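Once you've looked at the hints, go ahead and assemble the two chains, each given alone in its own frame, into the complex.
Protein sequence lines, in the order shown, are assigned to chains A and B.
Okay, so the first sequence: first residue is -11 according to our numbering, each after it adds one.
Okay, so the second sequence: first residue is 2 according to our numbering, each after it adds one.
I should point out that these hints are in silico values taken from the structure, not numbers from a laboratory.
Watch out, some of these pointers could steer you wrong.
Claimed, not checked - Computed cross-link-like contacts, DMTMM-like style, restricted to lysine to aspartate or glutamate with a CA-CA straight-line distance of at most 20 Å:
#	chain 1	residue 1	chain 2	residue 2
1	A	Lys113	A	Asp145
2	A	Lys55	A	Glu209
3	B	Lys30	B	Glu142
4	A	Lys9	B	Glu187
5	B	Lys78	A	Glu380
6	A	Lys95	A	Asp145
Keep in mind it's a predicted model, so treat the numbers as computed, not measured.
What follows is the residue order along each chain.
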Amino acid sequence: MYSWIRVSLFLAWRAIRRGGKVGTLLNILIIAMVFTNMILLSAIMTGAVNLFHEQTIDYVTSDIIIKPGEDERTIFQTNDLLEKVNRVPGVSRASARYALGATLNHKSESVSIPITAFNPRDEVKVTKIHQEIIEGDFLSPGDDGILLGFFVAGYEDQSMDFFESLGGVRVGDPVEVMYANGYQKEYRVKGLFSTKSYQADYMAFISWEEMDTVLGRENTESTQILVRVIPGEDPATVKTRLLEFGVQERVETWEEAITKVVADSLETFAIINRISVAVSLIIAVVVIGIVFTIKTINQQRQIGVLKAIGIDQNAIIGSYVAQVLFIWIFGTILGMILLNLIMIYFTAHPLEFPDGDVIPAFELITMLENAGMLAVASAIAGYVPAWRIVRENTLTSMRG
Amino acid sequence: MITTTDLYKTYQMGNVAVHALNGVSVSIKEGEFVGISGASGSGKSTLLHMIGLLDRPTSGGISISGLDVIALSDQEKTIFRLERLGFVFQEYALVHELDAFENIALPMMARGETDERISDRVSEMLASVGLQERGKHLPKELSGGEQQRVAIARALVNDPDILLADEPCANLDSTNSKAVLDLIREINQESNQTVLMISHEDWHQQYFDRVIRLKDGEVVEE
Ligand SMILES: Nc1ncnc2c1ncn2[C@@H]1O[C@H](COP(=O)(O)OP(=O)(O)OP(=O)(O)O)[C@@H](O)[C@H]1O
Ligand SMILES: [Mg+2]
Chain A
-11 MYSWIRVSLF LAWRAIRRGG KVGTLLNILI IAMVFTNMIL LSAIMTGAVN LFHEQTIDYV
49 TSDIIIKPGE DERTIFQTND LLEKVNRVPG VSRASARYAL GATLNHKSES VSIPITAFNP
109 RDEVKVTKIH QEIIEGDFLS PGDDGILLGF FVAGYEDQSM DFFESLGGVR VGDPVEVMYA
169 NGYQKEYRVK GLFSTKSYQA DYMAFISWEE MDTVLGRENT ESTQILVRVI PGEDPATVKT
229 RLLEFGVQER VETWEEAITK VVADSLETFA IINRISVAVS LIIAVVVIGI VFTIKTINQQ
289 RQIGVLKAIG IDQNAIIGSY VAQVLFIWIF GTILGMILLN LIMIYFTAHP LEFPDGDVIP
349 AFELITMLEN AGMLAVASAI AGYVPAWRIV RENTLTSMRG
Chain B
2 MITTTDLYKT YQMGNVAVHA LNGVSVSIKE GEFVGISGAS GSGKSTLLHM IGLLDRPTSG
62 GISISGLDVI ALSDQEKTIF RLERLGFVFQ EYALVHELDA FENIALPMMA RGETDERISD
122 RVSEMLASVG LQERGKHLPK ELSGGEQQRV AIARALVNDP DILLADEPCA NLDSTNSKAV
182 LDLIREINQE SNQTVLMISH EDWHQQYFDR VIRLKDGEVV EE
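Looking at chain B on its own, in the form it has when it is part of the complex (with noise of 0.2 Å):
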């Protein structure tokens, strides 16, 4: 279960503040699929970003399954991050020097999984985002769908608690975009993570068990 209590994110621009966040309180049950929508400028990535502990509010708290995680110390940060939480980004964001699998591996290498582990559930990852062909592919071999599977099944490799993901459909056309809402969706029934999606496409308001609406930085229906 996430918590946000009145969080607050203020940007100093020089001698104007920009108020990404104005008091932002949600609270997401285990297991649901939630979608964040709302203008340009709104505050969804902010948002995501204090909940994937990528920044620090000016004020409020969050708290993940009871654990207040602001307090956490950047180290314990980094490995609540490789351990509990799994990110998709609009932009592949995969290593181009590292093929399918090795992009894969790479967050179980870094938990200090054995070769033989990661080799087994790498494998599975890559057949369940349908590229089990593909795995000795670098990046810039595959198309951009399949560079997004890729980088989901990364975020899901160490089987995450929660699943964060901005716009992760915003550079794919709608038959890939489909195919990787299907994915997620997917694994949030079978394996019941938590999701939080960006995305301000209408049709994709259908995946969501709920829609937090952001506007200014203030929630405005949920």
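Bound-form chain A, shown alone (with noise of 0.2 Å):
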């Protein structure tokens, strides 16, 4: 066993060295090519994964998220629930919105969303949308205005616009909201936000005060509670604590929190990716294959030869794959360093995806799962070429 192991590494390395370079130099390039492919698309989509969870976190759901218990519409006495909230350990801060159907009208175009309210002391804490005001200012608290996201004003081109808009509003103009609830105000815009999040920038805030007015007393429930946790902090573990602690309602993480939507649109990507990866890994074995067919064939001879003088059959094939892994690594490390020079191309330029500027996450694991699905592929396509020269015949091989 050792010894026809030697051999064929002897063999390979032997056949790597002196052999005909120019296939090898394909074989490597192929190799690079395919694995710098399959990490790059994975690494794209583990990126814009990785802003779209990001954005959830900064601008929708926070880190937890507190929602009406079963059969509930509402959190009642939100007061004494941000209190305890606040005072479980890992909790950085909560804050609670109050979200009520509505319908804006600006000029001729309307648009019917729910119009959030929050306490802007709190709400700056716990998400980063007061970070991404492009016109305008935040809430302050007992404002009288209107915050909307970039979305909700939209331009005036309406074939700019990715959902119905209100053509084009700016800051300081008015717009009319029609609560569900039958209350009607004329607000002014206070400020407009983009944070690229198709989520956040669909929604349209004022302050918990001036939601008093709109209901007609004080508010003391909310629809959700967002709460941001202390750097370092899990959030799971801050969840497990926040049931601990008597929280009755449904508290979900942020990644519990992503709606089935998102999640399957996710799983689409997983499976483009696979495909993609599968694709690439046919085209490595396709390219190799054909490359070691022609060396088997035309080392038809030698192949017999080595047989005759009694060199075991396992040792042979043996050194075609032992050729192939070699090449394997070679192409494996050159594809490493595209990849490395392809990141540093994309953090100093990410890729602008509408939802934001995506950098290309590359992940040790999934290099090392697609370099050692690669060397396997790369095995098969040294083996099966081999494998049929060897099982020929001796004295046939060896007439060539």
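This is the structure we're talking about:
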């Protein structure tokens, strides 16, 4: 066993060093390209997913979101709950939100979305929407203005909009709001924000006090409570603690809160990625397989002679598999170098996606996994042609 | 001692049966230098391949040192060839990517010898075929005669009991042929190796202890 592996490695290494360089270089290049391709697509997708996760945390759910319990429309005694939540270890801050259905009108344009009230002093501690103001100002406590996401404000040229919009309202413009409870009021636009998250940018906000006016009473209910955890704390751990502290409502980490639709589309990403990986592997197997088929046919006579002088068949096949694996090592290293260059480039120039700048995320585990799959595919591409020739009758091989 | 009893080898070519060997019974003593001659197509190579365990006879028996070699498994035959037999072919049949030294070292490596032993033995073999200066040369950097001498060194490196050579001089000029034949004769005499060599050159006959002549797959005269 040991001696035939030694013979295999010996023959393979000499063949790589002294054999035809063109086929070897072609194979190394193919491995490098296939490897780069396998990793790059998955890295871009991982980058896009990471971006989406970040946006969800920063603009939509914060780290943990508390929703009304089963069969309830709202959370009661919000202030008590906020106090309770804020006392839980690991919680940095909680912010209550109250959403009420409404129709917004500006000139002839109208948009129907819920209007969400929050306490600006709490909100800035749990989301980063206030950092994304592109025009005007964020809400202040007791504000009587309205804060609009950029998709709600939209463009004057409606063909540029993703959703129904108010046709390009700007700061200072009047917006007529008709609430689901029948209350009607004209607001001045206080500010516009653009987070590039579809979910956040299609929202409209007013202050908690303004909602009291709309409801005609001091509001103690909320529709959700966003919770920011202290940096370094795991949201799942803090969630468990919240439950232990007796929070009765539905508590979800941001991951659990991501809707099924989004989870499905992420799954679609994963499927596309898997298909691309499979295609890459097939290309690698075919190209390497062709080069090695030609190689083994050309060396048929030599293979016959090796068998005749008593070299083990496994050692001969092994020498071709080892050659492919040498090629695989060089190809993967070259691929890693290429990927590093690509990563340096993309860190300086992120890919501009409609929902933000995506920096491809290269993960070591993905690299190792793909390198492993490529090794198996290459080994097969070397094994099969060698096995086919070695299996031939020795004398037939020797005659060429 | 090699004995073949009533060896037949028939190749079926469609409807035509080609009788390459027609009942060959020969016996070769240890240390003998035996030539095999005969017209083209008379079955010389076929007989050598049978004795070299590269092919199975249609019927008949072969025994080497009392061992029924036909009964061996493929794996056992490979090991038998590695340990007991040495082959030299008409075309030098070296591995292109290995230099002279490495070509000769290969069978030793397959036997699991240590680097040190390999190095000593291969240097000795290179010297004995007069190529001590050529160890680092690739086959394409050697003349035909030099390549054939490397092939002989490779065949002998494991100290085989039997050397089988199929027209080792066919591609060589007379000077190189003579050098190769002298070398084989010398080795045969020094280490008492049994040699079976196919040749149809008349002037080679002087080297042989004895000649087996084949005609249409039968032994005509010994
Ligand atoms: N694989 C094969 N299939 C069919 N016929 C074969 C095969 N090998 C050899 N023969 C036939 O068997 C006969 C003997 O062949 P062999 O190679 O032993 O001759 P030889 O004496 O070595 O001839 P040469 O001097 O030309 O090498 C020939 O008629 C040849 O055509
Ligand atoms: Mg012949």
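To see whether the hints hold, each was checked on the structure:
{"no.": "1", "hint": "A/Lys113 to A/Asp145", "result": "violated (35 Å)"}
{"no.": "2", "hint": "A/Lys55 to A/Glu209", "result": "holds (12 Å)"}
{"no.": "3", "hint": "B/Lys30 to B/Glu142", "result": "violated (38 Å)"}
{"no.": "4", "hint": "A/Lys9 to B/Glu187", "result": "violated (42 Å)"}
{"no.": "5", "hint": "B/Lys78 to A/Glu380", "result": "holds (16 Å)"}
{"no.": "6", "hint": "A/Lys95 to A/Asp145", "result": "holds (14 Å)"}
Comparing the model with each numbered hint stated earlier shows that hints 1, 3 and 4 do not hold.
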